[in-house]
Amino acid sequence: MEYSVAPEKQYWLMKSEPNTYSIDDLKRDRTTYWSGVRNYQARNFMRDQMRVGDGVFFYHSNVEPVGIAGIAEVIKTGYPDHTAWDPKNKYYDPQSLSSQPVWFMVDLRFKKACREVITLKRLKEIPALKSMMVLRKGNRLSITPVTPEEWEIITRLPEWS
DNA sequence: GCCAACGTTGGC
DNA sequence: GCCAACGTTGGC
1 MEYSVAPEKQ YWLMKSEPNT YSIDDLKRDR TTYWSGVRNY QARNFMRDQM
51 RVGDGVFFYH SNVEPVGIAG IAEVIKTGYP DHTAWDPKNK YYDPQSLSSQ
101 PVWFMVDLRF KKACREVITL KRLKEIPALK SMMVLRKGNR LSITPVTPEE
151 WEIITRLPEW S
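All residue numbers for the first sequence refer to full-length UniProt numbering, where the first residue is 1 and numbers rise by one.
If you're looking for bench data, these hints aren't it; they were derived computationally from the structure. Incorrect hints may have been included.
No farther apart than 30 Å at their CA atoms in a straight line, the calculated lysine-lysine pairs in the DSS-like style are these [unchecked claim]:
1. K27 / K111
2. K9 / K27
3. K76 / K88
4. K90 / K9
5. K124 / K27
6. K111 / K130
7. K137 / K90
8. K15 / K112
9. K124 / K90
10. K88 / K137
11. K9 / K76
12. K15 / K130
13. K124 / K9
14. K76 / K112
15. K124 / K112
16. K112 / K90
17. K27 / K112
18. K27 / K121
19. K88 / K9
20. K111 / K121
21. K27 / K90
22. K90 / K15
23. K15 / K111
24. K124 / K88
25. K130 / K90
26. K111 / K124
27. K137 / K121
28. K9 / K111
29. K137 / K15
30. K112 / K130
31. K121 / K15
No experiment lies behind these values; they were computed from the predicted model shown.
Given only the sequences and the hints, what does the whole structure look like? Please build it.
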């Protein structure tokens with residue numbers, strides 16, 4: 001007899017350029033698929049580690065203001081990113097075959113938007129977040145793990161209510 | 001628009 | 001397997 005242990009909830013931060021897809025777009029759509037990731041580390045997180053129910057900080061990059069703009073939830077685990085198969089798509093990758101997909105995505109559901117974006121500047125000012133991955137100099141990874149402690153601290157900030 | 005930091009490619 | 005060249009990311 002095997003017993004399954006309820007998996008610990010995990011947390012992530014996912015970057016998006018709001019010109020392309022913003023927290024307001026997700027709020028409108030309610031759910032989305034996270035296509036277009038073409039980095040192996042980020043892919044591995046989606047393909048191998050993300051689970052249904054995981055919490056996601058939705059981060060706005062390359063925009064003023066840069067920072068966390070909302071919360072989403074993983075509702076579907078990693079599956080092949082079909083945009084890699086479409087020659088007309090910006091993210092087309094002929095290396096990725098339907099028989100052997102290279103790129104993966106997950107599905108997300110909107111949870112909430114910040115009343116006010118929690119800016120990168122502000123996150124940097126919080127000592128307990130000093131080692132947060134997204135705050136590391138030179139970090140370009142579009143999906144990074146967030147520790148439960150970091151999640152806790154950030155979700156308690158006044159910008160949410 | 002600039003450019004530092006990083007990931008990927010490909011010649012050797 | 002090394003590493004220079006190149007392309008991209010993303011804060012500023």
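Which constraints among the numbered hints does this structure fail? Numbers only, ascending.
Per hint list: 4, 9, 10, 19, 24 and 25 violated.
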